[in-house]
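From just these sequences and the hints, can you work out the full model?
As given, the protein sequences belong to chains B and G, one line each in that order.
Quick note on my numbering: the first sequence kicks off at 1 and runs consecutively.
Quick note on my numbering: the second sequence kicks off at 1001 and runs consecutively.
For the record, the hints were derived by calculation from the structure and aren't laboratory data.
A virtual CB, placed ideally from N, CA and C, is assigned to each residue, including glycine.
Please note: incorrect hints may appear among the correct ones.
A partial selection of chain G residues facing chain B, derived with a Cβ cut-off under 7 Å [to be verified]:
no. : residue
1   : Trp1197
2   : Ile1206
3   : His1324
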Amino acid sequence: MPRSTANSNRAQHCGAEAHHLSRRSFLGTVGMGTAGVAANMGVIETLTSPVFADELKRNQKSVVLLWLAGGASQLETWDPKPGVETGGPYSAIQTDISGVRISELMPKMSQRLSQHTAIIRSLNTKIADHGGGYQLMDTGRRPEPGVDFPHLGAMIAHELAQQDSKVPDHIEMYTSTEGRRKGTAGFLPARYNPMFLTDSMMPENISRLDSISDADHKQRADFRAMLAQQFNHGLNSPSVSSHNSAFERVRGLMSSDYLFDVEKEPQSMRDHYGPTQFGEQCLIARRLVEAGVPFVKVARAWWDSHGQNFETHRELCADLDHVMSALLDDLQQRGLLDTTLVITLGEFGRTPRINGSLGRDHFASAWSCSLSGCGIKPGTVYGKTDDLGNTVVEGEANAGNLFATIFTALGIDPEKEYMLGSRPVPMADFHCPPIAEVLS
Amino acid sequence: MNSTLKFERTGDWSCQDILFSMVRLDDAERFAIGSSDFKIYEIDFSAEKPERQEFVGEGHTSYVTSMVVANEMVVSGSYDGHLVWWNLSDRQQVRRQQAHDRWIRRVAATPDGTRIVSVADDMQCKVWDAVSGDLISSFTDHPELTPHHYPSMLYALAISADGQLIATGDRVGHVAIWDAERFEKVGEVEAPGMYTWDPKARRHSIGGIRSLAFSPDATKLAVGGIGKIGNIDHLGGPSRLEIFNWADQSEPVLIEDDQKKGLIEQIHWQPDSNAIVAAGGDHKGFINLYDLASAKLSAQSETNGHIHALASDASYALFHTAGHNRMNRFKLSLNE
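This is how it looks when you write it as structure tokens:
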């Protein structure tokens, strides 16, 4: 890990507040008011031309996070160790990158690495319980008492969402109950909390009541807007503006229900993703990013293979390999992959040691993830573990490094600071430079 | 448990590897064992300090999951999809052939030793000439995908004592019974309780039919696996044995045991038809004796490692097991 990267990045800035702030977050802050709920966040933002450049650069970028809930095994996915005592029964297959092999359980992805994907094989995140691991890998830092750090989706949404967007900013799909943990906006405005889909893939309570006609609904909205405009005339209250903004988004959200309807897709496209729930969710994720949603998380449970690890991965990797490949192909064919970052990540990996139930247990010392698409140098394999997979021997990276890499890939300065009262909180944790080798 | 019999553990040998298969080589205590190091070894448990002697040849490139003896040869199957024939006398490899496209789960031999039968995750049951290695037939009644669109697995295989029937059992609890000469399906049994699909909390399964055995008269079929699991991250469900009159599926018997949890990996139906010995486990191992008259467990013992393989002597009084980092000998005797 080139530790100097962070310093060099920091050295490129003069330290002025303006470099860390965006026009949209300025507008977002003004707009949030009482509804925005960032009462403890004293953000002061300034409009400057470099920031506008950043804005343009980041325009329309999106993230799809494929969350492998419970912790997938790096040995059965991205970092196989065939033929050693920890290796398990699966073989490794040659990929389309010379000298790089991944698990035989990922045959489709093995032929897409050189086009789309970088693998990081050297995560050492240390926390190997589900709750702590989730918190770490979804916020990029260890928790601190009294600080409600925003989760990845909220930060991405805050940075990438269009202020006047008619679609949701942050959507998380998790229809398996085990391991369900809600990402939150933390100290960011509540707008960036996830729309959370659990019992079905269609958001609840966004349909117009049958008892109200569409014309009535529009007239009520117009009437409300007129009253609000009169009320705010000469007042210029951020709270009123925020209310207006929220109401303006309502009809957009109501009319976005079609995005969640997989039957709107031709059968050939549905076949392309396959019939599993994970496949349908990823197809919806593509529809959402295509419509401008900046962050979609699709959580696929439950990889926690304390027993029968090899059966579990044979079952789940088939789904992951097919659906992830279908998603990347589809995004590429639509010209969206250059602006969409697809992350596969869980809260940790699995132990190299095989336990008595042919399982692998929690393991956060040497595990893997992948990044595909936007801002990523495809075909890169970063980091290395030892022959048995027990330790990282090259390119050790932590959660902060990964978050800095994700932000940088999206054109977001990972050192951008949110001000929590008088305390600056950088988007990526302190002293965590991005992994330059995987960035394009 | 009201038993007049007990299992007494009379041998306990630890090892570094995981042993998935074993087959008795003589009337004494000489066995071949198949390992997670992809190798096959001969071992004599009657020795004061049993030592392994490795079979020699190209062999396997993954776990050795099943073995049989036929015509003075050991035939091994592996997750690498290959069947390998080994000469018993000098432990040299005789033949190695690609047999299946996916993991071989179980290999069996017909009682007359003329044919080898294998099942694998390509969901095919294949019959081979035991001498030439030629494929005689390939057939299946098991879909490649589960009803939830995930890869299925064909774990279990049994051949009746008269060699006339073959049974195959899969991940979702379907058993097909085949005429062993014409390779036509003659019956089927459903044991969906073995599937353990969790549709809500975890959205995957962990169970499946792991073992099958015909009764000596071939009228009944015993099916082994695991019952309902609260948390399918672990093998934390009751061992589950179901017995069917397979021809008409009348009066099925279900015996579950919560004391020693886990999968039933092996079933041996004793020749007198009144008892079954089964072995398996979760992170630990169990060996169970079921009294079929009362449909209850009548004896049970455990070991510190999941049992994958079970072998019995001709008298069905001495049992050897192999599994996770451990081999054991159990003696079935009167409870005095």
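Okay, the hints, checked on the actual structure:
The criterion of a C-beta within 7 Å of any C-beta in chain B is not met by Trp1197 of chain G, whose closest approach is roughly 10 Å, and the hint is violated. For the restraint placing Ile1206 of chain G at the interface with chain B, the shortest Cβ-Cβ distance is roughly 5 Å, inside the 7 Å limit, so the hint holds. The beta carbon of His1324 of chain G comes within 5 Å of a beta carbon in chain B, closer than 7 Å, and the hint placing it at the interface holds.
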